[in-house]
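*Asks:* Take the given structure of chain G and dock chain W to it, following the hints.
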Amino acid sequence: MRKQLQEHIARLRAAGAHYVDARWYPVEETNDLLMWNGNLKEASAARESGVGVRVLYKGAWGFSAASDTSNLTALFDKALDNARIAAERVTFPIRLAEKDAIQATFASPNEINPFTVPLAEKVAFMQAMDAKLNQPGVFQRVCALTFMRKQIVFLDSEGSEIEKIITEVFPTIEVTGLDAQGEMHSRKFNPARMGGTRGWETLDMEVFNANAERIVREMNEVLVADPCPKDVRSVILLPGIMFLQTHETIGHALELDRILGYELAYAGGSFVRLSDFGTLRYGSEKLTARADATIPNSPGSFGYDDDGIPAQNNLLIDKGLLVGAITGRQMVEEANARAGKRIFDGSGGANRATAFYRVPIERMTNINIDPGDDGTLDDIVRNTERGIILDGDKSWSIGSNREQFHFATDIGWLVEDGQVKHVVKNATYQGETVPFYNSLSAVGDESTWEVQYTPNCGKGQPNQIMQLGHGVPVCRFDNVKIGE
Amino acid sequence: MKDQILHTLRELRAYALAKGVEATFLYHEEDSYLMRFANSAISLNTNEHLIRLEITAYKGRQRASYSLITALDKLEEMQQGVDIAAEMVEHAQPLNYQPTVPTYTESFSDESAYDPALATLSNEERLVFFNRAVAGLETDAQQLSGIFSCGENVIAQINTRSEHTQYFKTSDAQITIVLSHTALKWEVIAEQSAQQVGDLNPDALQRELAFLVEHYQHDTPQQLPLGTYDIVFGPAAIAELLGMMGYIGYNGGLMKRGYSFLTEEQVGQRVFSPKVTLTDDPTRRETFPFQRDMMGMVREPFSIVAEGIFKGFVWWQDEADEFEAQPTGHTVPHKSVVMQGGDMAASTLEALVAQPRENDVLYIPYLHYMNIVNPSKGLITASSRFGALLLKKDGSVVVPYNVRLTQSLLEFFGDKVAWLSQAQVAANTSMSYGARNPQAIIVPALMQVNGLEISHSNSAY
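Residue numbers (the numbering used here), protein chains in the order written: chain G, 1 to 484; chain W, 1001 to 1461.
Okay, chain G solo, but in the shape it has when bound (with noise of 0.2 Å):
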């Protein structure tokens, strides 16, 4: 197959294109199981096979993909034929970064291959925590894993030839409750990746044990819960919603493709204009964010992007100026070409693709906050006059331009003079992105710092779903609307 793919990249350039690359994906697997209320609603598996072919002919884009191989000669000269059109219609002649020409393979690291576990194993470990949610209080309670494992062969008319296969494990368990007035309540406990791996061993029992328990006590404190005030309070962001505030407004924000304007009909812009690198207060000092796709235990680190540039560990706010973006060749060049000068050195190394049948666009990797020096979380609720501790991605929205957002969270803990009171339910916030890292007060330390992950990140037209993380600590932002 790599021999006939390499033949066909090879007759593709000869008839004119500028750059072909083909991703084959001998296999792709998943695995869903989902357990409700203790049924097994879900058990199933998928397997798909196929291969993407991109182009670039006279600066622009064309792509074709099929699951049937037995006609590859087909299939490229569609994706030659598809980019022949959309040269009709070129404003900025498409360009590539340069870059080496590069022979690998990655391997996602995992001690057990998840898919050799049996079936019966999985719903075991699914029994086991659907009997431990079932407790007084708890009317719904969902246990779902999901898994994944791809191999992509990628080969391109610059000699590069890279194998990859990523497993990938995303479990979850939440619980609901209708308080008195019938209103539904949720907590949940995705795990952070705190092992150095991403198999089926990253399961732990104790683990899950113990946070099932804590969020159905924490479940069951929001029920009898006041509401949360309207107010304007310093809040205190826990990993379980940080990573999430780090995603839609710092990693979405920066997106080369979307501050560029090519996601503008649909995911939207970004509020971030070429001369804001190296010029924009983004947040505070003690904000420090990268795009770091080199740790090895969250699905954004994938080895090589699917431009077959190697992962990297990028900077994008410095001490809370903006200095990089999440980026791939092109719009690398696209970007330094508009600006008028140099700001991005390279391709980020961040393009990558959902499926064989969807083409590489700018995504996230692991998307990082640094660990500050405010100490603990119990530091930090110490040094807070007024605020609310909050944690649980409930709800999201954002601005088409990452502006602003409103974020509401599964539960909240009122602070006064560095003491927590109570909890409150229906906690919610709100702002504007930069007056909001600019209002950044506090960073907790390594002990708060936690590898969050995003399995469904939607992105792009075709859609596209994919997999990344964030490493977060606890954060305290100051004078923030709440509770509307």
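Be aware that a few hints might be false.
What the hints assert, rightly or not - Covered by chain G, per the in silico footprint, the following chain W stretches (three or more residues, Cβ under 8 Å):
| hint | stretch |
| --- | --- |
| 1 | 1041 to 1049 |
| 2 | 1055 to 1066 |
| 3 | 1116 to 1128 |
| 4 | 1146 to 1160 |
| 5 | 1181 to 1188 |
| 6 | 1370 to 1378 |
Stated by the list, open to error - Examples of chain W residues toward chain G, derived with CB under 8 Å:
| hint | residue |
| --- | --- |
| 7 | 1036 |
| 8 | 1084 |
| 9 | 1091 |
| 10 | 1455 |
| 11 | 1458 |
Read the hints as simulated data drawn from the structure, not as lab findings. We treat Cβ as the ideally placed atom computed from N, Cα and C, and that holds for glycine.
*Replies:* What follows is chain W alone, placed relative to chain G:
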């Protein structure tokens, strides 16, 4: 091709029966084309031809499914899929209810929503359409974005309970055109949904865009003060709100799980404005309808809300099995939701702007990133996007920056509804995650709701 698909399904059925496996088979084939525009160029031109097969095996109360992307001539690979599903179901935990296995009493085929002329549009035709829709509107500063997505979709089914088959074939197109200003960052949108080639009308899109651009070019944007506004929603915004109501409102299974703002006690009660009538109507071809559901149940117009009275929940078969409810024919990839029009003659933005008014009116065509703040109260939040306008009572028009609404669906569709357009529009709500599933909601062209509160107001784009 249809004969080959059904023949393959019959072969799979025979294989499963020979192996003693109770199974259902869902075949999905798509031929999808998407031309994407950004910065006035074609940023991507793509197509995919994919065949998916989902095999669900049953053993008493146990159920498991296996899916594969395959090719029609790979019968052996599909048969291996049957074996895998059969192996999985052995280890699946029994449900505490009996899942219904579909039994088709007759074969059914529906290609009435398929137009080959639309399904086989060429690259060149798509580009010509787009060029015409933005004729005279692009400048160095005003740039084109959008998509022309089209294709054909086939769903075919069989199961081991009977030899009968179901076959559905549709064609669809979804066009979104955005014009945006590179420096000022405003954006305006026009959209179109097509089930047949005659639905395509680039000139209508051009007129709509030209009207919006005229205002956005010449008016200085303003930050709106917080407070309550009388708001006129466009078709995309109305469809987005109705889509959310289908999720946390009249969905029977979610209601039973506590995720609905509607209750069983409210069935037969007036919950919404008397101006609101909502039907699931599979006779409307613009919705890419299913006239049978996946269980073989005949689908007929189903009343959800009649003049404000909540008529009942819709039930997916599996949820009906679990909660001992009667299925309502809603085991479908998508419903065919139709909101009845009202008595207002104005059905375009141009007509709305021209008509006299006693109060200022905020026009919002599109709601961005809607999410649920509190499902029990129907509380949602979203921001305006793409060409909002404040129509002042003195006849002048102001371009506002985007605003956020955090309100209950009971407010959007309750007694604050002032009027609905007579004319209806098909708002295309298709997403392209996973398998192609074209869908549209038919809505009044415009809906005015008075006294809605703005919870945040942008000071810039």
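*Asks:* Now tell me if each hint is right for this structure.
*Replies:* Structure-based check of all given hints:
1. Counting residues of the stretch 1041 to 1049 of chain W whose C-beta lies closer than 8 Å to any C-beta of chain G gives 9; at least three are required, and the coverage claim holds.
2. For a cut-off of 8 Å, the count of residues in the stretch 1055 to 1066 of chain W with a CB near a CB of chain G stands at 4, and the three-residue condition holds.
3. Under the rule that three or more residues need a Cβ within less than 8 Å of chain G, the assignment of the stretch 1116 to 1128 of chain W holds, with 3 such residues.
4. Counting residues of the stretch 1146 to 1160 of chain W whose CB lies closer than 8 Å to any CB of chain G gives 3, so the stated coverage by that chain holds, three being the minimum.
5. By the rule of at least three residues with a Cβ nearer than 8 Å to a Cβ of chain G, the coverage given for the stretch 1181 to 1188 of chain W holds, with 3 such residues.
6. Against chain G, the stretch 1370 to 1378 of chain W contributes 8 residues with a C-beta closer than 8 Å to a partner C-beta. That satisfies the three-residue criterion, and the hint holds.
7. Here the hint on residue 1036 of chain W is kept, as its CB sits about 6 Å from the closest CB of chain G, short of 8 Å.
8. Because the closest C-beta pair between residue 1084 of chain W and chain G is about 7 Å apart, less than 8 Å, the hint holds.
9. Of the supplied interface hints, the one on residue 1091 of chain W holds, with its beta-carbon coming within about 4 Å of a beta-carbon of chain G, less than 8 Å.
10. At a threshold of 8 Å, the smallest CB-CB gap from residue 1455 of chain W to chain G is about 6 Å, leaving the interface hint in force.
11. Checking residue 1458 of chain W against chain G by beta carbon gives a least distance of about 6 Å; that is within 8 Å, so the hint holds.
Against the hints set out earlier in the document, no violation occurs for any number.
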